[in-house]
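Engineer: Here the structure of chain A is known, so what remains is to put chain B in place on it, guided by the hints.
Protein chains in written order, with this note's numbering: chain A, 1 to 110; chain B, 111 to 223.
Check the hints yourself; a few may be wrong.
[Claimed, not checked] List time: in silico DSS-like cross-link candidates among lysine-lysine, alpha-carbon distance up to 27 Å:
1) B/K181 <-> A/K42
2) A/K2 <-> A/K42
3) B/K167 <-> A/K45
4) A/K45 <-> B/K181
5) B/K181 <-> B/K167
6) A/K42 <-> A/K97
7) A/K97 <-> B/K181
8) B/K124 <-> A/K42
9) A/K79 <-> A/K2
10) A/K97 <-> B/K119
11) A/K79 <-> A/K45
12) A/K42 <-> B/K119
13) A/K42 <-> B/K167
14) A/K42 <-> A/K79
15) B/K119 <-> B/K167
16) A/K2 <-> A/K45
17) A/K45 <-> B/K124
18) A/K97 <-> A/K2
19) B/K124 <-> B/K167
20) A/K2 <-> B/K167
21) B/K124 <-> A/K97
22) B/K119 <-> B/K181
[Said to hold, decoys possible] Simulated DEER-style distance windows between Cβ atoms:
23) A/Q31 <-> B/S190: 36 to 42 Å
24) A/A67 <-> B/T164: 35 to 41 Å
25) B/T115 <-> A/S32: 47 to 53 Å
26) A/R76 <-> B/T223: 41 to 47 Å
27) A/S32 <-> B/T196: 29 to 35 Å
28) A/S26 <-> B/N111: 34 to 40 Å
29) B/T223 <-> A/G16: 41 to 47 Å
30) A/E15 <-> B/T164: 44 to 50 Å
31) A/R76 <-> B/G113: 27 to 33 Å
If you're looking for bench data, these hints aren't it; they were derived computationally from the structure. A virtual CB, placed ideally from N, CA and C, is assigned to each residue, including glycine.
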Amino acid sequence: RKEVEQDPGPFNVPEGATVAFNCTYSNSASQSFFWYRQDCRKEPKLLMSVYSSGNEDGRFTAQLNRASQYISLLIRDSKLSDSATYLCVVVRGSWGKLQFGAGTQVVVTP
Amino acid sequence: NAGVTQTPKFQVLKTGQSMTLQCAQDMNHNSMYWYRQDPGMGLRLIYYSASEGTTDKGEVPNGYNVSRLNKREFSLRLESAAPSQTSVYFCASTTSGYLYEQYFGPGTRLTVT
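So here's chain A without its partners, still in its complex pose (with noise of 0.2 Å):
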């Protein structure tokens, strides 16, 4: 079993319209969670971290669950410009190893 693990979608969204996906991490010691963001056939880039109370980052909200050992990414008002891969990243232990998930792709259309 992966140690993160994404649904690869694409999940189709129409401009304007909200869209939610989850990651799993089956480690439970995985003590950091992050949001990475990467465009086609582009680097990777940080889009936020996510914290044990929620947190919001404008139009994007990311929650964490250890109980069931989830993070989620929900996206309102969506864009077209937010299409692109969105990537679950968890930490665990050692120093600065990031574990990446395989990625959501995002589609939104006009």
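Structural biologist: Below, chain B alone, put in the same frame as chain A:
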């Protein structure tokens, strides 16, 4: 400020050939990383360097070697390329103060035939 740069952008090798992927950062970051990204697999850590003068194995180090040449540069060498090493390779760097915001280079697309 170029951030993280990688060369080459594309490379085709024959099985058994060797090559070195170059990475440099101009953000004065202490830590640098090499990842590979394969379809359906996510990024996997090959090697990392916590600081100048140190290197450590990641999740998938077999078939690779690295050199932290100085604070700016971290190279990845394939001594005898195999088709299983066909992948996109990303270099990343980060500052000690916030290890998890990693800045990635544009990637090298490597095909081994």
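Engineer: For every hint, state whether the structure bears it out.
Structural biologist: Quick rundown of the hints versus the structure:
Under the criterion of a C-alpha separation no larger than 27 Å, the hint pairing B/K181 with A/K42 is consistent with the structure, at around 25 Å. The straight-line distance between the Cα atoms of A/K2 and A/K42 is roughly 24 Å, inside the 27 Å bound, and the hint therefore holds. The straight-line distance between the Cα atoms of B/K167 and A/K45 is roughly 23 Å, inside the 27 Å bound, and the hint therefore holds. Between the alpha carbons of A/K45 and B/K181 the distance comes to roughly 22 Å, so the proposed pair stays at or under 27 Å and holds.
At most 27 Å may separate the alpha-carbon atoms for a hinted pair to count; B/K181 and B/K167 meet this at roughly 18 Å. At roughly 21 Å between alpha-carbon atoms, A/K42 and A/K97 fall within 27 Å of each other, so this suggested pair holds. For the given pair, A/K97 sits about 19 Å from B/K181 by alpha-carbon distance, which is consistent with the 27 Å threshold. This hinted pair checks out: B/K124 and A/K42 have alpha carbons roughly 25 Å apart, not beyond 27 Å.
For a cut-off of 27 Å, the pair hint linking A/K79 to A/K2 is broken: about 31 Å separates their Cα positions. Between A/K97 and B/K119 the CA atoms are separated by roughly 25 Å; this keeps the pair inside 27 Å, and the hint holds. Restraint check for A/K79 and A/K45: satisfied, since their Cα atoms lie roughly 18 Å apart, inside the 27 Å limit. A threshold of 27 Å between alpha carbons decides the hint, and for A/K42 with B/K119 the separation of about 11 Å falls inside it, so the pair holds.
As the CA atoms of A/K42 and B/K167 are separated by approximately 25 Å, the hinted pair is consistent with the 27 Å bound. For the suggested pair A/K42 and A/K79, the alpha carbons sit about 19 Å apart, so the restraint of at most 27 Å is met. A hinted pair counts as satisfied when its Cα atoms are at most 27 Å apart, and B/K119 with B/K167 qualifies at roughly 24 Å. Our distance criterion of 27 Å between C-alpha atoms is met by A/K2 and A/K45, whose separation comes to about 22 Å.
With a CA separation close to 32 Å, the supplied pair A/K45 and B/K124 exceeds the 27 Å bound. Our distance criterion of 27 Å between C-alpha atoms is met by A/K97 and A/K2, whose separation comes to about 16 Å. Using a Cα cut-off of 27 Å, the hinted pair B/K124 and B/K167 holds, with the two alpha carbons roughly 25 Å apart. Of the pairs offered as hints, the one joining A/K2 and B/K167 holds, with about 20 Å between alpha carbons and a cut-off of 27 Å not exceeded.
Annotation: proposed proximity of B/K124 to A/K97 is violated, straight-line Cα distance about 31 Å (limit 27 Å). About 22 Å separates the Cα atoms of B/K119 and B/K181, which keeps this hinted pair within 27 Å; it holds. Roughly 38 Å separates the CB atoms of A/Q31 and B/S190, a value that falls within the hinted 36 to 42 Å. Separated by about 38 Å at the C-beta atoms, A/A67 and B/T164 satisfy the suggested range of 35 to 41 Å.
Here the CB-CB span from B/T115 to A/S32 is close to 28 Å, at odds with the stated 47 to 53 Å. Against the hinted window of 41 to 47 Å, the Cβ-Cβ separation of A/R76 and B/T223 comes to about 46 Å, which satisfies the hint. Separation of A/S32 from B/T196 is about 32 Å and conforms to the stated range, judged on CB atoms against 29 to 35 Å. Separated by about 38 Å at the C-beta atoms, A/S26 and B/N111 satisfy the suggested range of 34 to 40 Å.
Remark: the range hint 41 to 47 Å for B/T223 to A/G16 is upheld by a beta-carbon distance near 46 Å. Distance hint for A/E15 and B/T164: a CB-CB separation of about 48 Å, consistent with the stated range 44 to 50 Å. Take A/R76 and B/G113: their Cβ atoms lie about 30 Å apart, and the range 27 to 33 Å holds.
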